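Here's the letter readout for the chains.
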Amino acid sequence: MKNFISVNDVTDINALVEKALAYKANPLVDKTIGENKRIGLLFLNPSLRTRLSTQVAAKNLGLEGIVFNVDKEGWALEFEEGAIMSGTTVEHVKDAAPILGQYFDILCIRAFPSLKNKEEDYSEQVMNAFIKFAGVPIVSLESATLHPLQSLTDIVTIKEQMQKTRPAGGKPKIVLTWAPHIKPLPQCVANSFAQWVNAWGEADFVITHPEDYELDEKYTKGATITHDQDAALKEADFVYVKNWSTYTDYGKIYSNDPDWMLTEEKMQLTNNAKVMHCLPVRRNVELSDEILDGPDSLVTTEAGNRVWAAQAVLSEILKAQ
Amino acid sequence: MKNFISVNDVTDINALVEKALAYKANPLVDKTIGENKRIGLLFLNPSLRTRLSTQVAAKNLGLEGIVFNVDKEGWALEFEEGAIMSGTTVEHVKDAAPILGQYFDILCIRAFPSLKNKEEDYSEQVMNAFIKFAGVPIVSLESATLHPLQSLTDIVTIKEQMQKTRPAGGKPKIVLTWAPHIKPLPQCVANSFAQWVNAWGEADFVITHPEDYELDEKYTKGATITHDQDAALKEADFVYVKNWSTYTDYGKIYSNDPDWMLTEEKMQLTNNAKVMHCLPVRRNVELSDEILDGPDSLVTTEAGNRVWAAQAVLSEILKAQ
Amino acid sequence: MKNFISVNDVTDINALVEKALAYKANPLVDKTIGENKRIGLLFLNPSLRTRLSTQVAAKNLGLEGIVFNVDKEGWALEFEEGAIMSGTTVEHVKDAAPILGQYFDILCIRAFPSLKNKEEDYSEQVMNAFIKFAGVPIVSLESATLHPLQSLTDIVTIKEQMQKTRPAGGKPKIVLTWAPHIKPLPQCVANSFAQWVNAWGEADFVITHPEDYELDEKYTKGATITHDQDAALKEADFVYVKNWSTYTDYGKIYSNDPDWMLTEEKMQLTNNAKVMHCLPVRRNVELSDEILDGPDSLVTTEAGNRVWAAQAVLSEILKAQ
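Protein chains in written order, with this note's numbering: chain A, 3 to 323; chain B, 3 to 323; chain C, 3 to 323.
Honestly, the hints are just simulated from the structure, not real lab data. Just so we're clear, the structure is a prediction, and the values are computed from it rather than from any experiment. Check each hint, because a few of them may be wrong.
If several chains are the same, the list does not tell them apart, and a pair holds so long as it fits within one copy or across any two.
To be verified - In the BS3-like style, the derived pairs of lysine-lysine whose C-alpha atoms are separated by at most 27 Å in a straight line are:
1. K96 <-> K161
2. K166 <-> K96
3. K26 <-> K134
4. K268 <-> K120
5. K185 <-> K96
6. K96 <-> K26
7. K166 <-> K236
8. K96 <-> K268
9. K268 <-> K175
10. K39 <-> K26
11. K26 <-> K321
12. K321 <-> K161
13. K33 <-> K120
14. K74 <-> K185
15. K134 <-> K254
16. K21 <-> K96
Bound conformation, chain A alone:
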């Protein structure tokens, strides 16, 4: 694996998932493969799970991880080609990226979308600039439009759960449901989850959301899409809850309908489904206390699995170097 930006960087999803689960069973089995190598963890935005789980994963492989909060500790970066830099940006990514590529063996980057300019966000200019100029492997810690480490973790969590409850196999029904939120959020987690579940291909996949909340078809193609949440939830084995802002008329909140919040009552429609969320979650807005604190929630397990997903990815990149 050269970079890890989307599912397209993965040749065998199931093998990568199994690798993650193997690390969960034996975290230190590869504890020297990163020796004398360094990863830089660059944050243009806040992070808790992603940052800490990637630091832990790196350490488990013997890699030294150095965190750098670009927005707070460094200089404001310019991304526009040919810019006359007489404004607020202090350093061009064309200058910063190759230098970071000299200091680190792998660069991990988090950069949220503006939600102001769809074309710019969906061009993934930050991630692509680092890929173009850094000269070392780039790992997305969530980009403008995708969050592949989260999605890999999600598949890991689903497979782990199925091995426990359905050892004989069989296709699970997975539902991605929109949830209300008080502010416009990126489409990243939803895009990425859809992209991975579709690429994985081992589930019946349904996406449900209010009208006008369609995601980019590039990611959803292959899934059944409906505005009827109740119909979607019927016989579901996994319910993935997530808010996102509008994609077509970009970055808006068209609906904040509290009826879309998942409740125990709605869960009655499912096949004793497990509930997933990438976190952070706005309790009693996106998801009710009763579900988060109940036995069907996988959110803590899911967040814990972030370590093993990151460790599998870093390990694949190290082996390819």
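We have chain A; now place chains B and C onto it with these hints.
Using the frame of chain A, we list chains B and C on its own:
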């Protein structure tokens, strides 16, 4: 030792003090007991000595320490049970704590009081939420009402000093004196020092402060309390200087009387006392230059001892795991 | 070497440069000389290259590096002797420095000038206070008036380039040219480069800048100084580009003349010169895209060499301890 939140978590103060002094003599004697373990150092507020000394202590035990400035690098946490999270907080401690407990073997947390709501502050909701939800040992790096690593350090410093100057033993007279300050400060350091000296029981302990600056009796009980600073200082062996805001009518400044600042003149009343302060100190407001720069100040020694106190505590927690 | 504050701390520039180049060829040759030692990297201002390259250098020597953003994570420091601290500063350097000296074996400090008060900036009060009070070696990560790690890197880069292109030796012509910028910048990099090239003594050294941009003669003495940029560039082997604000009438912008920006056209005057800049650089304000992206730019090599310069300095300090 399971958690380290107050003196109540310590079964033998003298043994813990001796352990700290043993680490001072031989910092690396236990350099592998923390191998392949990790502590998370979570800060909801600024820190210099506490953060750095705990990092150094962890490293001396072979523990990997990861610092996370929750307030700056992560998400604003919600602590209220059942909250409908449609405001400014992004993640509930019920969700964050168990995840951090999966990433780390020990969690160390700093969380100052608001000084607005006495009941809330004295309920120690932040520290107690982490104890309740994290599932791993919790170490206080200063909480809303107590600062146990500081107080342990203070006893270590007093005992170390007595071993030098009074090898035959005997009860020292220890005076905790209020000092002026320009803004309302927590009662933590004073509460905690009183609690520890009282629990230790090997000193004549006097607390002196202006009227209306009474501390919570839960901590001061057992000490002599007086508003007459001069009387208190008489024959003192150790003078511990600290400002705090009012406790009864909570979080106020009733007096800023500069006469309460300790000076060389007042020190004449003592038994060649040593002067202590937890730092940071407002020079020439809380304590005069002449004392801080003179031979009786223990403040640098005290801050240096923070490493050994933290190391003793982490070591005890590791051994109990 | 005891401290590293300016070229005056170096007894043999060429030997130190060779040491840096030897580390570039073999980064891990001294990987245990810093074992069980710690350096503190204290930032009162932002940093990218300096921070990361010094962390990498420390790690290459087996040193543990701990970053502390004093301005963001700690307390506002007071530097005035005898201050009555009833204002915004919370801790005096007289108290903080000796404690940091107990926690670390080497302290590295970055502290920019105010550009408001020339006398105060040029007294280097921050750096000198740490030297006076910390009790351990101090390394400048850029001070109010100098940036010695950058200048050492610059000489390393020049010598490395000459070994490639002119193995028979001979004095290169080095030109330091002022460049336009949109805001007042410190004189540090220019002062320091002038001081090092003059002390090195193995070049024809020309400084060119608009009228009224004279630097402190203490640093420039020995160089040819001219306001005619074209004349200066003639037959240059290395062109070092840098903006600085006025020194005499302190901290001002007198000229922002875009004609001073280096272009390919001006480069025709040189002897196929290589172009250097410390970065960050404002593209198309200080330096044109065509030069930065062209074959004559050394800026990425230069930034990469920061690691080896820092490693040589830390190594010399460790050996003297």
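Worksheet item: Against which earlier hints does the structure fall short, listed by number upward?
Response: 4, 13, 15, 16
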